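Residues per chain, in single letters:
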Amino acid sequence: MTDARKPSITRWIGRRSLLVGAGSLGASGLVSARLGMPYIGNAAAADPIKIGMIWAKTGTIVDQSEYLAQGGMLALEQRNNTLLGRPTEIVWLDEPNPQGAQQNAERLVGEHKVVGMVGGALSSFALAISAVAKKAKVPYIAANAATGELTGKSCNKYTFRLQPPVDVHVRVLAPYCADVGKKWYLLTAAYAFGQDIKRSFEDYAKANGITIVGADEVPVGTPDYSSFILKIRQAKPDVVIGGIAASDLTTFLKQWNELGMKGRIPFAEISVGNTDLWGVGPDAADGLYTITWYYKNPNNPPEEQAMAAAYEKKYGRPAADKAWMGWMGMKTLLDSIEAAKSTDSAAIVAALEKWSTKRDGLDVHYRNFDHQMVSRLLVAGIKPKITDKWDYFDIKAELPKTTADIEKAFGSQAESACKMDAV
Amino acid sequence: MLDMILSQTVNGLILGFLYVLIAVGLSIIFGLLGIVNFAHGAFFALGAYLALVLAREFGWWAALLAPVLTGGIGMVVEVVLIRHLYGKEPLLGLILTFALALLIEAILRMIFGGAPLPFSAPRFLAGFVEYGPILLTKYRLFVLLVTIAALVAFWAFLTYTPFGRIIRAGSRDAEMVGLLGINLPVVFSFVFGIGCLLAGLAGLLAAPLWTVTPSMAASAIMPAFVIVTIGGLGSYAGAIIAGLLVGVTIAMTIQFQPEWSGAAMYVLMAAILLVRPRGLFGEKWERFE
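Quick note, the sequences are listed as chains A and B, same order.
Each residue of the first sequence is one higher than the one before, starting from 8 at the first, in my numbering.
Each residue of the second sequence is one higher than the one before, starting from 7 at the first, in my numbering.
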């Protein structure tokens, strides 16, 4: 036996080492952002056009990011990885936290010379990337973030947002919640997205005679909701309004069911992803939701149906809403580069402002005054009996219906906090 | 309000037991081998995924094999990687196990994808029981019983069996134990495997409650480190007391200041270390006192 086998080395390791190491683990996302972040594309081709993609590879939103990234890559593959007759590649970097997202956006612009960026899985990440886009004058599509601030007071000429903002989701879902009951409990995430939801539902409640019987802000990454659920149970609300994202929602719904609350108090939440419910499982899935897109919606245009088929063929599972958002965000950027016939930022921004497509009679486009995409939302409930492990939702409505309703839901230019500079 | 406090306290204690189970394996590996195992959370996730696969393929009871498999993988890892670190610069251990954590997470993501996968408790553990204001689910009671049984069994193993005495002696003076003709490398592999087995057991028990994703390791590793630090590095009893303390602290913070619940355990750790730098049950460390 040699000295090397001596466990007395425990004496060499201090609390400082342990805590420094623990801290470094907390920063693991940042480290991994520097380690092995691959290029996706054709490295052999000379002088390719580069598109930046920033979706999480670590952290709480990584589950959704996988679909967002796959959708983005599919959009480029459908063009044979070519734009303007030149080879084109995606450079995908991580967004472990807002600071990491900002640093990687700066790397994409400074180091990789990308002509545009897509990404920002969480609102806080998207706001950080948007700030870089504005400073560097590079077009940026925020495909998943829903905070109103992004196309509100923090808007800028280079940032375009695909997901309808929180206020729009709330205006669509809140009347359904009011029909269920007049005592609401709010359970929202303790960051921009959740705080927007809380404010927006509180505003609706105030204007419509609804009582908020409890409101908790939940830290991101909370692994156990049982103590929150005990509080909700004691408050006896008619409906619980959720505002927690991704795997946090999955965890909550599992524990909601475990504590016998499923079916006892209705649960509703805006802007959920298919993957959140797939992870919950058929036994525990419950709730009423707004969703941005559904692969089984018969109103999906042929191009989107083709995308869904291509995705399923490639990945062996249906295209989640996040796959569509990643695809659509990337597609609008790629379409606009082609339309601009240039990789010049100002030309791409101008083309994005002109980009549009038809969807069930609606002109889907980015509004010029705030760069918010105008589109409809789906109101969906969980099927009473789930027989297909992917098909969880019954679509109840696709709203807003008319152009006037859309303006009312999205708000007019006069109501917008966005004051946009010129390019 | 008193009802609510009682209800939250009981709930926090049960949550604390799950944290104890996660932390105690980390504490054992550190206390006996001197390795700060940053991959502990990854073994926790590995246990959850193995349980999921076994349950899907062979039924829920087969999932009980997941901790054993996790322990076995841990022993292989010890033989291939960890044992080369004994007696070396401690930072190497930190870096290696950190890299191992990233590797395990990447492998899980490559095989299963990043999306959460459904995993439910068995039907016979569905439902809950109520005692006045206290609400307990049958599954959490099951977690509580399994955790207590595992902790008692390991304590008895260390205290009353010859192999347990060899482990304890080896942790004090490995050279002398080696001179007695005992094959310490095997003993240390076994200890590392036991630590990983406990992480895998925690992963199995947490899978029906938490979200099964490759990133679930992060939900386990930080509480584990905080608990081990509060309890005193390497202290078995310390990990148990600290785990329960952390569980109750989180539950109470959710009751009164929910937005602070994520930071509550770190504040608790800072407060305890200010008063008692070696942790609640830590040995006296000359460099700190």
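If you are wondering where the hints come from, they were derived from the structure by calculation, not from laboratory data.
Note that the structure is predicted; figures quoted are calculated from it, not measured.
Just so you know, not all the hints are guaranteed correct.
Unchecked claim - Mimicking DSS-like on lysine-lysine, the simulated pairs with C-alpha atoms at most 25 Å apart in a straight line are: (1) K141/A / K120/A; (2) K238/A / K144/B; (3) K120/A / K144/A; (4) K142/A / K361/A; (5) K269/A / K94/B; (6) K94/B / K243/A; (7) K238/A / K303/A; (8) K320/A / K348/A; (9) K396/A / K320/A.
Verification of the hints:
1. K141/A / K120/A: Judged against 25 Å, a Cα distance of about 15 Å means the pair holds.
2. K238/A / K144/B: holds, 19 Å
3. K120/A / K144/A: holds, 12 Å
4. K142/A / K361/A: Holds - the C-alpha atoms of K361/A and K142/A are around 23 Å apart, at most 25 Å.
5. K269/A / K94/B: violated, 53 Å
6. K94/B / K243/A: Distance ~58 Å between K94/B and K243/A Cα, so the pair is violated.
7. K238/A / K303/A: violated, 37 Å
8. K320/A / K348/A: violated, 31 Å
9. K396/A / K320/A: holds, 17 Å
The structure does not agree with the numbered hints 5, 6, 7 and 8 stated previously, though it agrees with the rest.
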